[in-house]
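*Asks:* Sequence:
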Amino acid sequence: MMMRGDQLYELDQIREQESMLEAAMRRAGSRRTRARALGLITAAGRRLRRRGGVGRP
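Just so we're aligned, residue 8 is where the sequence shown starts under the numbering used here, counting upward by one.
By construction, these hints were calculated from the structure, which means they are not laboratory data. Errors might be hidden in some of the hints.
What the hints assert, rightly or not - Pair by pair, the computed Cβ-Cβ distance ranges are:
id : residue 1 : residue 2 : range
1  : Ile48     : Asp13     : 14 to 24 Å
2  : Arg11     : Arg33     : 32 to 42 Å
3  : Asp13     : Arg39     : 31 to 41 Å
4  : Arg39     : Leu15     : 29 to 39 Å
5  : Arg43     : Gln20     : 10 to 20 Å
6  : Arg11     : Ala35     : 34 to 44 Å
7  : Ala42     : Gly12     : 29 to 39 Å
8  : Ala50     : Ala30     : 10 to 20 Å
9  : Ile48     : Arg11     : 14 to 24 Å
The C-beta atom is built at its ideal place from N, Cα and C for all residues, glycine as well.
All chains, please: the whole structure from these sequences, using the hints.
*Replies:* Quick look at the structure:
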């Protein structure tokens, strides 16, 4: 799978966000926070997919 540099960078940013959110969720432990964080993660993934960055050769 070939990806442009900006897409790789964006994917990296999303992964970084995910790990930060996971850490925050672990600290907070509240359901509402977890739901919001998961929403942010999936929204970021959807945005990237729409640009054709993920799941396509």
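*Asks:* So, for every hint listed, does it hold in this structure?
*Replies:* Consistency of the hints with the structure:
At about 20 Å, the beta-carbon gap between Ile48 and Asp13 stays in the expected band of 14 to 24 Å. Between Arg11 and Arg33 the Cβ separation comes to about 33 Å, which falls inside the hinted range of 32 to 42 Å. Asp13 and Arg39 have their C-beta atoms about 33 Å apart, which keeps the hinted 31 to 41 Å range intact. Between Arg39 and Leu15, the C-beta spacing of about 33 Å keeps the proposed range 29 to 39 Å intact.
Between Arg43 and Gln20 the C-beta distance comes to about 18 Å, which sits within the given range of 10 to 20 Å. At about 35 Å, the CB distance of Arg11 to Ala35 agrees with the hint of 34 to 44 Å. For Ala42 and Gly12, the Cβ-Cβ distance of about 33 Å falls inside the hinted range of 29 to 39 Å, so the restraint holds. A hinted range of 10 to 20 Å holds for the C-beta pair Ala50 and Ala30, which are about 19 Å apart.
At about 22 Å, the CB distance of Ile48 to Arg11 agrees with the hint of 14 to 24 Å.
Comparing the model with each earlier hint shows no violations; every hint is respected.
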